[in-house]
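> With chain A fixed as given, assemble chain B onto it according to the hints.
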Amino acid sequence: MRKALLSLIIIFSSFVLSGQNKQSYDSLQISSNQRILNNLAGLPQGITLGGYGEVLYNKPENLNAEIDIQRLVLLFGYKFDERVQFVTEIEFEHVKEVYVEQAFVNYNLTQGLNIRAGLMLVPMGIINEFHEPTIFNGVERPSLDKYIIPTTWREIGIGLSGRLNRISARYQAYLFNGFLSHNGETGLLKGSNGLRSGRQKGAESTMNHVNFAGKFDFYGIRGLRLGVSGYHGKTQAVDGQNQIPGSEIGVSMLGIDGRYTYKKFSARGQYALASLIDTDLYNELTGRDLGSKLMGYYLEAAYNVLPFKNRQRLEGFVRYENFNTHHEVGNIVLKNKAFHRKEWTFGFSYHIAPGAVYKMDYQTKSTAISNSTKGQFNMGVGIWF
Amino acid sequence: MKKTVFLSFFLFLFLSLSSWTKELHSDRESKYILKETRKAISATFPFETFSLEQKEQKLNTSTFLEAHSFFNIISEDALKGYAIIATAPSKTDSFEYLLLFDLNLKIKKVKVLIYRENYGGEISSKRWLSQFIESPEDDSFVYGDNISAISGATISVKSITESINEVMVSLKRLESEKQI
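Those protein sequences? They're chains A and B, same order as listed.
Taking the working numbering, the leading residue of the first sequence gets 2, the next gets one more, and so forth.
Taking the working numbering, the leading residue of the second sequence gets 3, the next gets one more, and so forth.
Chain A on its own, in the form it takes in the complex (with noise of 0.2 Å):
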């Protein structure tokens, strides 16, 4: 252990005197140095300030509408230096509630690799992470994200984060808190919703077990941009309860997305899938329906009737997504057939502005059950600085 520790020591302080040597071998060679500051003098520093929203109408059929801020976001970055930074994201939920959305530190080690720590986004699929108004289309951010993908899914944890430029990647991995399946009173994991209602969001989150999550995105082809995400740990009980066989669950998932474009045609798709561990156990304990596997995928299609040149951009777009969170259910529990969702979006977002956008769109929406299916009506504005 020592003699390893002393090798380890041996080759860093190395590196270290190698990269001194090297950099005043550099300044020597170019002495007008503080010129290129040129570049330098005029950085943005301190406080970045930003934010994005949505207002929406929502009209299903025969029932009343909802109107709603369904969310509006305030983003403060700190930067203390060219490497340190801090990220966050308040976000306030139909107006009254507030959730800190992100809140961690950035540091930079060196142009493709950087330390991550806080409350940050699990990087599963394409929402979760990009999740502004003003870059998917239809007014609601697409259901496979909501009931299979928790959206918006953060947790406390830690990891490195960067970019591969020769081959065109970005890669993260990190350790995060995971979801709450049990709290003592009552399992939260069902089987309409998934892992949805255990997300712990960082407030006062327990935590027992490690969970993994890490992306990898391909960007090397022009136009198409690829990501393969995996998630895989056990879900958290708090003290007292994790000790009862059932009150934790093993969870997997994958998640495979797909972006492309073509002049003024785009596509994107979405395939995810959960497995669960030990739902029967869990089942059985807490009187809950969660499935074994949860499945879904989306496919979507675009194109903008606008010139290129303009500011604006109007794209039509159709969206057709296919969804189970009882793809598969253990001994104890019955496959129910409402669970398995089939939705159509037709609509259009006429961008007014980069960073400004209105938005219509018609859905239907049904499920395995025969004569399911119900329309829905949707308007928004949404904005992205």
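These are calculated hints, taken from the structure and not from any lab test.
Be aware that one or more of the hints could be misleading.
No farther apart than 16 Å at their CA atoms in a straight line, the calculated lysine to aspartate or glutamate pairs in the EDC-like style are these [to be verified]:
id : chain 1 : residue 1 : chain 2 : residue 2
1  : A       : Lys265    : B       : Asp147
2  : A       : Lys80     : B       : Asp95
3  : B       : Lys33     : A       : Glu83
4  : A       : Lys310    : B       : Asp147
5  : A       : Lys310    : B       : Glu164
6  : A       : Lys310    : B       : Asp141
7  : B       : Lys160    : B       : Glu68
8  : A       : Lys264    : B       : Asp147
9  : B       : Lys93     : A       : Glu133
10 : A       : Lys80     : B       : Glu119
Quick look at chain B alone, frame taken from chain A:
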């Protein structure tokens, strides 16, 4: 388990210390930029030894070209090309990129030197940047048309595209005024 934690802690500490120096951050960034610039010139042009001669600012500044440094690339006492280190905005920050030109003002290389913001860094992709070399001269670059989009990096993609267009406009002006 404890040993692993202990070891990773030390690893982290040494990584941090190795990147810590007394000099100013901007000085360190300058040195890094110059090092990467020299590396890119060596890889792009056929000559082995060269020197850089910094020139006064010559390009128009604008929203997409916040600052720049202009260098003549000299090898064997002859002018061989130009290197421009430019600063362009990302969503809430800025980034530096390098443009290398031959004497005909044909782009030979585009490279992102420093990218600071968490999102949008995909524009550093070598493969994506090579579009600026392949496109025919005299054509301006149009996002979405001859420059492909990158999902998740739209703002920075537009920024560097516009920024390079502005550099080209300024260079053509300088050429017509016989200043280069």
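> Against this structure, judge whether each hint is valid.
So, going through the hints one by one against the coordinates:
Annotation: proposed proximity of Lys265/A to Asp147/B holds, straight-line Cα distance about 8 Å (limit 16 Å). Under the criterion of a C-alpha separation no larger than 16 Å, the hint pairing Lys80/A with Asp95/B is consistent with the structure, at around 10 Å. Only pairs whose Cα atoms come within 16 Å are accepted, and Lys33/B paired with Glu83/A is accepted, the gap being roughly 14 Å. For the suggested pair Lys310/A and Asp147/B, the alpha carbons sit about 9 Å apart, so the restraint of at most 16 Å is met.
Our distance criterion of 16 Å between C-alpha atoms is met by Lys310/A and Glu164/B, whose separation comes to about 12 Å. Distance check on the hinted pair: Lys310/A and Asp141/B sit about 14 Å apart at the alpha-carbon level, within 16 Å; holds. For the proposed pair Lys160/B and Glu68/B, the alpha carbon gap of about 15 Å is at most 16 Å, so the pair holds. Using a Cα cut-off of 16 Å, the hinted pair Lys264/A and Asp147/B holds, with the two alpha carbons roughly 5 Å apart.
A C-alpha spacing of about 13 Å is found between Lys93/B and Glu133/A, which places the hinted pair at or below 16 Å, so the restraint holds. Proposed proximity of Lys80/A and Glu119/B is supported: the alpha carbons are some 10 Å apart, at most 16 Å.
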